[in-house]
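Given next are the chains, with one letter for each unit.
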Amino acid sequence: MDTDRNPPEEEMPPPRLAGSAPAAGWVRLPGPGDAAAESRRARRDGVRHVRRMSNWTAAALIAGTGAATVALAHHAFPVSAPAAGAAATTGVGGTAITNGAGGPQVSHPVATTSGSGVAVTTQTQTVNGKTVVTQVPRAASPGS
Amino acid sequence: MAIPVPTLTTPAPLWQRVNTGDAAVAVAERAALGTSARVAVWPPENLDGALAAVDDVLGALDRQASRFRQDSEISWIHRGDGGLFLVSDGLAEAIGVALEAARWTGGLADPTVGQALISLGYDRDFAAIDPARGEPAGCPAPAPGWEQVRLDGPLLRLAADIRLDLGATAKGLGADRAVRAAMTATGQAGGVLVSLGGDLAVAGQPPLGGWPILVAGEPDPAGSVGIQPVRLASGAVATSSITCRQWRRADRALHHIVDPRTGLPADGPWQMVSVAAATCADANAAATASIVAGAAAEEWLAWAGLPARLVTHAGQVRYAGGWPETDGGRITIPPGSHVYSRARPGGLR
Numbered sequence: 182m183d184t185d186r187n188p189p190e191e192e193m194p195p196p197r198l199a200g201s202a203p204a205a206g207w208v209r210l211p212g213p214g215d216a217a218a219e220s221r222r223a224r225r226d227g228v229r230h231v232r233r234m235s236n237w238t239a240a241a242l243i244a245g246t247g248a249a250t251v252a253l254a255h256h257a258f259p260v261s262a263p264a265a266g267a268a269a270t271t272g273v274g275g276t277a278i279t280n281g282a283g284g285p286q287v288s289h290p291v292a293t294t295s296g297s298g299v300a301v302t303t304q305t306q307t308v309n310g311k312t313v314v315t316q317v318p319r320a321a322s323p324g325s
Numbered sequence: 454m455a456i457p458v459p460t461l462t463t464p465a466p467l468w469q470r471v472n473t474g475d476a477a478v479a480v481a482e483r484a485a486l487g488t489s490a491r492v493a494v495w496p497p498e499n500l501d502g503a504l505a506a507v508d509d510v511l512g513a514l515d516r517q518a519s520r521f522r523q524d525s526e527i528s529w530i531h532r533g534d535g536g537l538f539l540v541s542d543g544l545a546e547a548i549g550v551a552l553e554a555a556r557w558t559g560g561l562a563d564p565t566v567g568q569a570l571i572s573l574g575y576d577r578d579f580a581a582i583d584p585a586r587g588e589p590a591g592c593p594a595p596a597p598g599w600e601q602v603r604l605d606g607p608l609l610r611l612a613a614d615i616r617l618d619l620g621a622t623a624k625g626l627g628a629d630r631a632v633r634a635a636m637t638a639t640g641q642a643g644g645v646l647v648s649l650g651g652d653l654a655v656a657g658q659p660p661l662g663g664w665p666i667l668v669a670g671e672p673d674p675a676g677s678v679g680i681q682p683v684r685l686a687s688g689a690v691a692t693s694s695i696t697c698r699q700w701r702r703a704d705r706a707l708h709h710i711v712d713p714r715t716g717l718p719a720d721g722p723w724q725m726v727s728v729a730a731a732t733c734a735d736a737n738a739a740a741t742a743s744i745v746a747g748a749a750a751e752e753w754l755a756w757a758g759l760p761a762r763l764v765t766h767a768g769q770v771r772y773a774g775g776w777p778e779t780d781g782g783r784i785t786i787p788p789g790s791h792v793y794s795r796a797r798p799g800g801l802r
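Note that the protein sequences, when read in sequence, are chains A and B.
Using this note's numbering, you'd call the opening residue of the first sequence number 182 and step up by one each time.
Using this note's numbering, you'd call the opening residue of the second sequence number 454 and step up by one each time.
Excised from the complex, chain A in its bound form:
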């Protein structure tokens, strides 16, 4: 996975001048040429290091993103097919399919849409398995 390239030719240290070998026991102080070479080497090594780190970081990010995607997908979509009608409002003016475990089984009507219901209240009940709707006169109620 190491895709480091060799430094380009112009980054190679220049050749030394001929006949400049130091005498025995004498330690040459680093000159400007040496410092430049050292600097280039350090920079080259640093660039290689950074590239290597970047590659590992990118690999880790890709692997992490993939794992997160798999985890989210696992939570978002149940193994079983979503229940029919499993939808939920998401605020004003919007609806969205909700894929979850599904709501409970509810067999009996829970509410009635009708006129404003002032004159009568609609009551529903089940008798022998059949839905029976009864209209009951309502007493006057406070409010608007």
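It is possible that part of the hints are untrue.
Calculated Cβ distances over 10 Å to all of chain B for the following chain A residues [as the list claims (entries may be wrong)]:
(1) Arg225
(2) Asp226
(3) Arg229
(4) Arg232
(5) Trp237
(6) Ala239
(7) Ile243
Looking from chain A toward chain B, a few residues come up when the C-beta cut is under 10 Å (computed) [claimed, not checked]:
(8) Ala241
(9) Ala244
(10) Gly283
(11) Gly284
(12) Gln286
(13) Ser288
(14) His289
(15) Pro290
(16) Val291
(17) Ser295
(18) Gly296
Only some residues are given here: those of chain B computed to face chain A with a beta carbon under 10 Å [what the hints assert, rightly or not]:
(19) Trp495
(20) His531
(21) Gly533
(22) Gly663
(23) Pro665
(24) Val683
(25) Ser694
Since the hints were made in silico from the structure, they are not lab data.
Small disclaimer: the values here were computed from a predicted structure and weren't measured.
Cβ coordinates follow ideal geometry from the N, Cα and C atoms, glycine included.
For chain A, the structure is supplied; the task is to place chain B on it using the hints.
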């Protein structure tokens, strides 16, 4: 079983538990807004939290928009007899939704019919109206027109002769607010249905196949009721009817759905129209507009793309926009709202 719900102001009527036969849901009902409110939730243990949230919404809406309460914000505006008013966010939203409904319906659902209703005798809570007063109704008062109302954020400019009545959208708005508040109160867990006088909205996860509801008309003289069971998984259903709020003036039968063009009760072919939409305010406005539109209702509903069930005076049922024609069918809700598109949505009270 009555569930006491504490409030800081005037105590709200107590909720009464309703046994529908399913232990998986909890249902409660109480009087509210001159009609009844019903709340259904699952899981059942969420009921108390949902009821408290719905109480807050209903109390706030009543204080904002009831023209029958002297201490309401809209009554305060009407007493001002025209001018520029700084209104609450909640009332601004309510008026904004009403104006957008008027724009969407081409003025069929117009919030400036307040004076027309007063002229007809609907000047107090419906339960307090003498159903057979001998004196005749006042002169018809065609609506000044919703375009005369200027609303810019919380700033409302109203002409002196305009009385607002938000009846075509207020219950729907209340149901929309209530389901949102209930879901917030219950941590977005489970599902909730709120019905305000038969205009109902749902939110969260519905029961399998959708919430089972009934579409029911008023009983005929023989006592029989035309009903249709349907399923609602998302959105809302609202019903407007000319048979449920009727009274007489002299020898004339009147009802509360006024044609803004004439200032008189709508006299079209429909006794009841139920409409499904993404929000209850949309459904509420569309149902009222359909009654007013009369013979043109089906054409308007087709243009609006909304499922609807229309009942003629003779009891004939007609279906539009994909409303299920079989009992137990599921209503498919088209996405998007027309009345919240410019009004400010988002839980304002």
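Here is what the structure says about each hint:
Every Cβ of chain B is farther than 10 Å from the Cβ of A/Arg225; the closest lies at roughly 56 Å, confirming the non-interface assignment. Every CB of chain B lies more than 10 Å from the CB of A/Asp226, the least distance being 54 Å, so the non-interface label holds. For A/Arg229, the non-interface assignment is confirmed: its Cβ lies about 51 Å from the closest Cβ of chain B, beyond the 10 Å cut-off. For A/Arg232, the non-interface assignment is confirmed: its Cβ lies about 46 Å from the closest Cβ of chain B, beyond the 10 Å cut-off.
No beta-carbon of chain B comes within 10 Å of the beta-carbon of A/Trp237; the shortest separation is about 40 Å. The claim that A/Ala239 is not at the interface with chain B holds, since no C-beta of that chain comes within 10 Å of its own (minimum 37 Å). Separation of A/Ile243 from chain B is adequate, the least Cβ-Cβ distance of about 33 Å exceeding the 10 Å criterion. Look at A/Ala241: its Cβ only gets to about 34 Å from chain B, farther than 10 Å, so that hint breaks.
Annotation: A/Ala244 was flagged as interfacial toward chain B, and the flag is violated, the nearest CB pair being 32 Å apart, outside 10 Å. Hint status for A/Gly283 relative to chain B: holds, with the closest Cβ pair at about 6 Å, below 10 Å. Checking A/Gly284 against chain B by beta carbon gives a least distance of about 4 Å; that is within 10 Å, so the hint holds. Evaluation of the A/Gln286 hint against chain B yields a held restraint, the C-beta minimum of about 5 Å falling below 10 Å.
Taking 10 Å as the C-beta contact cut-off toward chain B, the hint placing A/Ser288 at the interface holds, the least distance being around 6 Å. Nearest Cβ of chain B to the Cβ of A/His289: about 4 Å, under the 10 Å cut. The hint holds. The criterion of a C-beta within 10 Å of any C-beta in chain B is met by A/Pro290, whose closest approach is roughly 5 Å, and the hint holds. For A/Val291, the suggested interface contact is upheld, since its CB lies about 4 Å from the closest CB of chain B, less than 10 Å.
Hint status for A/Ser295: holds, given a least beta-carbon distance of 4 Å to chain B, under 10 Å. Interface restraint check: A/Gly296 against chain B, minimum CB-CB distance 3 Å, threshold 10 Å, status holds. Taken as an interface hint, B/Trp495 checks out: its beta carbon lies about 5 Å from the nearest beta carbon of chain A, inside 10 Å. Hint status for B/His531: violated, given a least beta-carbon distance of 14 Å to chain A, over 10 Å.
Here the hint on B/Gly533 is broken, as its CB sits about 19 Å from the closest CB of chain A, past 10 Å. This hint holds: B/Gly663 has a C-beta 4 Å from the nearest C-beta of chain A, less than the 10 Å allowed. This hint holds: B/Pro665 has a C-beta 5 Å from the nearest C-beta of chain A, less than the 10 Å allowed. Among the interface hints, the one on B/Val683 holds; its C-beta lies about 9 Å from the nearest C-beta in chain A, closer than the 10 Å criterion.
Among the interface hints, the one on B/Ser694 holds; its C-beta lies about 3 Å from the nearest C-beta in chain A, closer than the 10 Å criterion.
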